[in-house]
Amino acid sequence: MMFGDALRLRLYEPSLRSDYVPSATQLAEKAKGGWSYWPKWQFTPSGRLQVMADDGYGGKITDSDRHSVEQQLNKLVGLMATRAVGFLVRNERQAIEDSERQRVREDALERKRRQDAEKQRLAKLEFDAQNWRRAQVIREYLNALEESAERHEHSMEQLELLRWGRAKADWIDPLKPGVVDVLDEEIVIPR
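Using this note's numbering, the first residue of the sequence shown is number 1, and each one after it goes up by one.
Certain hints may be false.
[To be verified] Taking CB as the label site, the calculated pair distances span:
(1) P45 with A24: 19 to 29 Å
(2) R8 with K119: 47 to 57 Å
(3) Q102 with W171: 46 to 56 Å
(4) R134 with E157: 19 to 29 Å
(5) Q94 with S36: 51 to 61 Å
(6) T82 with D116: 48 to 58 Å
(7) L11 with K112: 50 to 60 Å
(8) T62 with W38: 28 to 38 Å
(9) Q71 with Q102: 43 to 53 Å
(10) T82 with V104: 28 to 38 Å
(11) P45 with V104: 53 to 63 Å
(12) T82 with Q115: 41 to 51 Å
Keep in mind the hints are simulated off the structure, nothing from the lab.
Glycine included, C-beta positions come from ideal geometry on N, C-alpha and C.
With the sequences and hints as input, model every part of the structure.
Below, the structure written as structure tokens:
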């Protein structure tokens, strides 16, 4: 563990590859006509130790004729520290980028919220304007109906229609708030 990051160490001894040389017993078996399998290569330990940090990405030291692994441990620790500092820098850069990305996202969400609120206000304004226009049309119709009937006396049915129509126009008109009507009632039919 270095600066909060885990670096794995691996001890490794490479092998030397050479052509396979069959043993005397194997040669005797083959001479008798017996079946045998001989691999193409044979591997023998090199006798040289390697120490790798993070599979070699964090540094690697190898036994040599001039320097043993023990003499090179400081070099390996330095390479590991360099890698760990690289991790720290990368993590810090990532945190800054994440913070900036979050700030941009929150800013966009706030702009979207304001835009949605404006759209909602505009929709309400348009709805109120349409209702006001509907109320005006109803009132104009009722006034025309009343004027056409002024030449004669209004029947009870016509008077009721005028009263009812004006009440509905007032209910529809957004400029006359607080008008309560039977149409405001939410009716739930039990099952």
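Hints, verified against the model:
1. P45 with A24: 19 to 29 Å: holds, 23 Å
2. R8 with K119: 47 to 57 Å: holds, 56 Å
3. Q102 with W171: 46 to 56 Å: Check passed, 49 Å falls within 46 to 56 Å.
4. R134 with E157: 19 to 29 Å: holds, 23 Å
5. Q94 with S36: 51 to 61 Å: Holds, at about 58 Å.
6. T82 with D116: 48 to 58 Å: holds, 50 Å
7. L11 with K112: 50 to 60 Å: holds, 57 Å
8. T62 with W38: 28 to 38 Å: With a Cβ separation near 31 Å, T62 and W38 satisfy 28 to 38 Å, so the hint holds.
9. Q71 with Q102: 43 to 53 Å: holds, 49 Å
10. T82 with V104: 28 to 38 Å: holds, 33 Å
11. P45 with V104: 53 to 63 Å: Holds, at about 57 Å.
12. T82 with Q115: 41 to 51 Å: Since T82 and Q115 have Cβ atoms about 49 Å apart, the given range 41 to 51 Å holds.
Hint violations for this structure: none, all hints satisfied.
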